[in-house]
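On the provided structure of chain X, position chain A as indicated by the hints.
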Amino acid sequence: MNREAAQLVLADGEVFEGYLAGARAESGVVAGEVVFNTALSGYQEIVTDPSYAGQIITFTYPHIGNYGVNVDDDESATPRLRGVVMRDLARRPSSWRATDGLDGFFRRNHVSALAGIDTRRLTRHLRDAGAIPGAFGTADAATLLAAARADGGTDGRDLANEVTTREPYLVGPADAPFYVVAYDFGIKTSILRQLVAAGCHVEVVPASTPAADVIAREPDGVFLSNGPGDPSAVDGAIRAVGDLLGEMPVFGICLGHQIMCLALGARTFKLRFGHHGANHPVRRIETGRVEITSQNHNYAVDAESLPEGSVVSHLNLNDGDIEGVQTPGRRCFSVQYHPEAGPGPHDARYLFGEFFDLMREAS
Amino acid sequence: MPRRDDIHTILLIGSGPIVIGQACEFDYSGTQACRVLREEGYRVVLVNSNPATIMTDPEFADATYVEPLDVETLRRVIENERPDALLPTLGGQTALNLTIELHEAGVLDEFGVELIGARIDAIQTAEDRRRFKAAMQEIGLSVPASGTAYTLEEAMEIAEQVGFPLIVRPSFILGGGGTGIAHDPDEFEGVASRGLAASPVSEILIERSVEGWKEYELEVMRDHADNVVVVCAIENVDAMGVHTGDSITVAPAQTLTDVEYQTMRDAAFACIRRIGVDTGGSNIQFAVNPIDGEMIVIEMNPRVSRSSALASKATGFPIAKIAAKLAVGYTLDEVRNDITRETPASFEPTIDYVVTKIPRWAFEKLPGTTPVLGTMMQSVGEVMAIGRTFLESLQKALRSLETGRMGLNCDPGEAPLDALDLEELVRASAVPTPDRLFEVEAALRKFASVERMHDVTGIDPWFLDQLLQLVEAREELSRIGFAGMSARDWRDAKQLGFADSQLAYLWGVAEAEVRAARTAAGVRVTYKTVDTCAAEFAARTPYHYGTYEDEDEVAPLTRPAVVILGSGPNRIGQGVEFDYCCVHAAFALSEAGYETVMVNCNPETVSTDYDTSDRLFFEPLTSEDVIAVCDALTAAGQVGGGRVEGVVVSLGGQTPLKLASLLADAGHGVLGTSPASIDLAEDRDRFNQLCERLGIPQPPGGIAATAEAAVEVASRIGYPVLVRPSYVLGGRAMEIVYDDTELRRAMGELTVTGSLGREGGLSAERPALVDRFLEDATEVDVDALRDSTGEVLIGGIMEHIEEAGVHSGDSACAIPPPTLDAGVLATIEAHTIALAGALEVVGLLNVQYAVRDRQVWIIEANPRASRTVPFVSKATGVPLAKIAARLMVGESLAELRANGYLREPASGGHVAVKEAVLPFQRFPQVDTILGPEMRSTGEVMGVDRSFGLAFVKSQAAAGNRLPEGGTVFLSLADRDKRLGLLAARRFVELGFALVATAGTAAMLESDGVPVSAVVAKVGEAEGVDAIDLIASGKVDLVINTPRGRGPRADGAHIRRASLQHGVACITTVAAGLAAAQGIEARLEHRPEARSLQEYHRDGQLRLGL
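In order, the protein sequences belong to chains X and A. Residue numbering for the first sequence follows this note's numbering, starting at 150 and increasing by one per position. Residue numbering for the second sequence follows this note's numbering, starting at 34 and increasing by one per position.
Same shape as in the complex, but just chain X (with noise of 0.2 Å):
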């Protein structure tokens, strides 16, 4: 059967067989680091997700590219990972939205996809090996793991600076309640969305906009957004967002949550494979209910660096992890996970509301 044969090289020297899909690498070559995802939907809002730059994203689902892409469900502009490895690439989508068929989304904007590969091998390798730079692509199997071993991986990057606006720019309507600031490190369109929905007036800035920047345009609040790469290498903004920290409400999700962390004296450290799915439980530690929730992270906050004054708001029900704080006294609070869905669950939407509140409750 007509495909072409390509095939994955992990660092460590494991191989998988499968074919190239989307676009063709020039170099025949594509390196990352690898991580997998286990959502069941939601593949072009994965794609798109700024945070997975630096990184090639297999999915755990094995048919990918089923219902295409469509014109409301990217999370940018523009795909920021370095390539998608999957089981099966769908090859004609069936959806009343669809506008394109994943493969010619990848095409269009230059992802090169790998097909055909075990991917639950994949996963399972990883999940013990932990995530670890990987190569893919036509090339043969010794340029492949050169390739792979000469990525960096993630650790030390301040990849929020690549994937950050240049400009600032506003998003919502300007009558809302509250006008908010929100650093983009990376942010989701989805997180826009629920800000402006919740009654927010956003505009949104660099990643490396000093505090008094801010200050300067006296918002309501600010928010911290999600991003990709090593919280601890974005120290311009983990500075600023320390002298943000008591002036106004502040409010972070993912990598902003490690940045606000970070920024209140915490440490950050790197989980062996991340979490990267949909339905992970997390429970909210005032009411003891169970949300189940959209992440993508492979970084968190160490419990025991938590200065004194912030409480662990949510813990991740399967490993315990700190899912989100909270500093009462700074009025400042995050969360690990993501509320905004896109894709994933909506049951962590009141944080937005929560926000809205606490903004309210300064004014």
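Everything labelled a hint here was simulated from the structure, so no lab data went into it. Glycine is no exception: its CB is placed at the ideal position from the N, C-alpha and C atoms. The reader is advised that the hints may include incorrect statements.
To be verified - Between beta-carbon pairs, the in silico distance windows are:
(1) A:G1095 x X:A346: 29 to 35 Å
(2) X:G385 x A:D583: 42 to 48 Å
(3) A:E624 x X:G502: 44 to 50 Å
(4) X:R509 x A:D583: 54 to 60 Å
(5) A:I172 x X:A323: 30 to 36 Å
(6) A:G309 x X:E316: 48 to 54 Å
(7) A:G309 x X:P477: 33 to 39 Å
(8) X:G502 x A:R369: 29 to 35 Å
(9) A:D644 x X:F418: 36 to 42 Å
(10) X:E453 x A:V672: 39 to 45 Å
Relative to the frame of chain X, chain A by itself:
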């Protein structure tokens, strides 16, 4: 919150007999619930009339009542046991309806029984379609425009308002009985009348039809802290318009964007919260317009369901088990995920494979029915298959069905469709039938476009494109040819789910050659694990499925292991009874220290619960798939030092038995009776010689591969003769014929081109059996055990109520035999022992005899578990299948007796009667008479102190309520008139009035039995019209016995009228006599409600044990 300490005894109601729409999925859910509640330390009281279930095993509850499921009986049980709580959500619609009745009768209040799981109000809101729709509108969810009617006039009015097409759904029914779609007022009148008749409260909902929309189901769980999760999203391949129970379905949903899926999830949560299901699982159905994504809620089941069983098997998340825990106070985050053991149950399973479910129908067993699918469920069973892709799971599911197909195409079964032209195929595809998928595939192969097939079928283009990919792959494989296959080609083909036999057909080579070439290319099956989490966490539960990938996950085998082959999809003739036996084998062998491995493909069953055996392989029961599992385990044994001791093929009915010699040829030992003995029992000539040698008389007979040979046999032995194909179960295609013409016709139907050609046709290897039919003989069934030392234990001797000629599966039977004398019983025992020895049986043996005038003939013997094993076990307290499994691994009866595993049968104090439950209500066009072809879907048991009382209970449990007085309508065939006179006399003595058709009336009156009115037969002018009489409610019991072809057809309208108007109808004089006896016994004693545990204890006491 941890478990509740304020309740101690919990009452569970089972779902009763297996019927269409309510099958053994409720044995699976009920068994899980019983287990969980007992583990939690509660006292469990169970009521279920179905003896063929695991849940009614005495060890699964503290008190097990195998009693009719009605308010009267439930009240007695509640009075005896004083439960604190009733858990109504695990016994299907039957349990929910009974719970409402108990509430309305004030029984729950009177005895202070608390409902746990779902409150009355929640049940009523979900079940009453009008209230449900109002509730949905209240929370802003769309529902189709509709109205409720109680009369035909109201219905017509609403239809005008709603507009056509519309759908009619009766309230309080299960499986969509009485539901139908109408496209115009004429059609509507019939559909509405049927709906009104089907609803117990004569209420129908008339609504806008969304036929052709995409159909989805979400399985949702909620705990008392209001945590809610979706366990599984199921997408129907068949669009709205085909009942979901009759639809091919897949999990997870394939064609919903995340945005749409999350909207549906939000709606499902709003629905379960509004309905107010406090704890447990619910199933919520949605329809989505493929044009614009409009989503509407169709219905909600506030209980575990067939779909929840499927979802549990599809994801590894045991819904019923967790529902039971939530009902007694736990929250989802307090319950552990069994499979990962580290993570909680408060999550949403995610999977890395595709699951396909395909229903199995039995139209061929029900002459008069049309195999057209609609809004009323008609399937009798289902299979599920797991593959890494949709096509792999689809082809695996198709070959799991055991309908002779090996996949979607590429097998001899495709020939009839290939003979049709494109237009014929497209036309055929427009009608939903069991064959539609094959028709669609054949049309695609003839270059029909995906768009066109979508237009005519409503099947989503994604699924159709998948089928098209299979079509293209087939062409490609054909082009490459057997000799040209590379390793990658082999893998591609196997990843699409092609069986070796399909490839063999495609290339015209032997299957063995295909297998040899494939394995030589290094392409072998790999087993993956169902783990709830797509490999994110390590799985502790070896629940596997086969696929063709890089990595195999079968753990090394470190202990001696036994493979048990299940029985595949439920069908008429092979149902839950066999699953019961397989599950028992798993339990018994596990107790004996073996590692147990189950192979089966039926998602409804207890056997496919990963808790039942040590390893579960959810695989088709074909030789390729089963041998592959055995090979993999053998390899796992070589790594771990364990060994596969053998394969159990004799407990799952005909399905695994057929594989016996193939397994042996592949080097996998068959445990118990040898394949050679199995063949000997099936081989007519050799079996005849054996009986002759043992001095066991047989009705004269012979074998014939042609009509002429059959006529020759008949001329030698005399009419009537019984004609049947060899190697089938459940009396498939069996017929009693009275002359040469009928015999020729019957033989013609058995040939490949005949109407029964599906059975494999006739040949020298597969001849038909032609035997003298013994009229008026009593049929006797014996289940016996023999060990390898030669000792034989008679498990039970059952006397059939209906005479020989009625299939044993459709006949009522009693233990102990009510009329056979000691001499006859001794002869039967002696014959059974002699046969068991001669066949060198190790394990179970079932023998059927006919007895007339104290003479005993053998009809057939089968060295395997029979349908009656669970009934005998429940009646006597001896777990025959468990003992059989232990005998098969070499233990002796003496050893099992010595270690207390085997106790003597409890007998003397009670009589147990098994009655068959027939699907006639669902198929009004089918005549209700009993014959040599089995048609029952399930069974019930009545047990009490006397035969009469036990019989009355069995009838009540089967839905045939015998009256206490009133009028009996007799219409008897000439041959029955002598015995009929006895029955009539008894009814008169019991105070009944008699009415009869002319001939019967004349006979009765000539013998001095008074007849109060003469009823006219069809075409007779004189007397009251039979149908009017039944419809008027003036008759309380109908006894109508047909004989031969003519009278059979003649009485059909009487029987149909009885069925329609809910009048008890008996079709044999023998059963009429038993009914009289029962009614008499009931007038003397009220039936009691006693638990099996009490019966068995008393039985043991009586034996002085």
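Going through the hints against the structure:
Range check, G1095 (chain A) to A346 (chain X): about 57 Å between beta-carbon atoms, so the 29 to 35 Å window is missed. The hint said 42 to 48 Å for the Cβ distance between G385 (chain X) and D583 (chain A), and at roughly 44 Å that hint holds. The hint said 44 to 50 Å for the Cβ distance between E624 (chain A) and G502 (chain X), and at roughly 56 Å that hint is violated. Separated by about 56 Å at the C-beta atoms, R509 (chain X) and D583 (chain A) satisfy the suggested range of 54 to 60 Å.
Restraint check, I172 (chain A) to A323 (chain X): a C-beta distance of roughly 34 Å satisfies the suggested window 30 to 36 Å. With their beta carbons about 52 Å apart, G309 (chain A) and E316 (chain X) fall inside the hinted range of 48 to 54 Å. Taken as a hint, the range 33 to 39 Å holds for the pair G309 (chain A) and P477 (chain X), whose Cβ atoms sit roughly 36 Å apart. In this structure the supplied range 29 to 35 Å holds for G502 (chain X) paired with R369 (chain A), their Cβ-Cβ distance being about 33 Å.
Restraint check, D644 (chain A) to F418 (chain X): a C-beta distance of roughly 38 Å satisfies the suggested window 36 to 42 Å. Our hint of 39 to 45 Å for E453 (chain X) and V672 (chain A) holds, since their Cβ atoms are close to 42 Å apart.
In summary, the structure is inconsistent with hints 1, 3 from the numbered list given earlier, while agreeing with the others.
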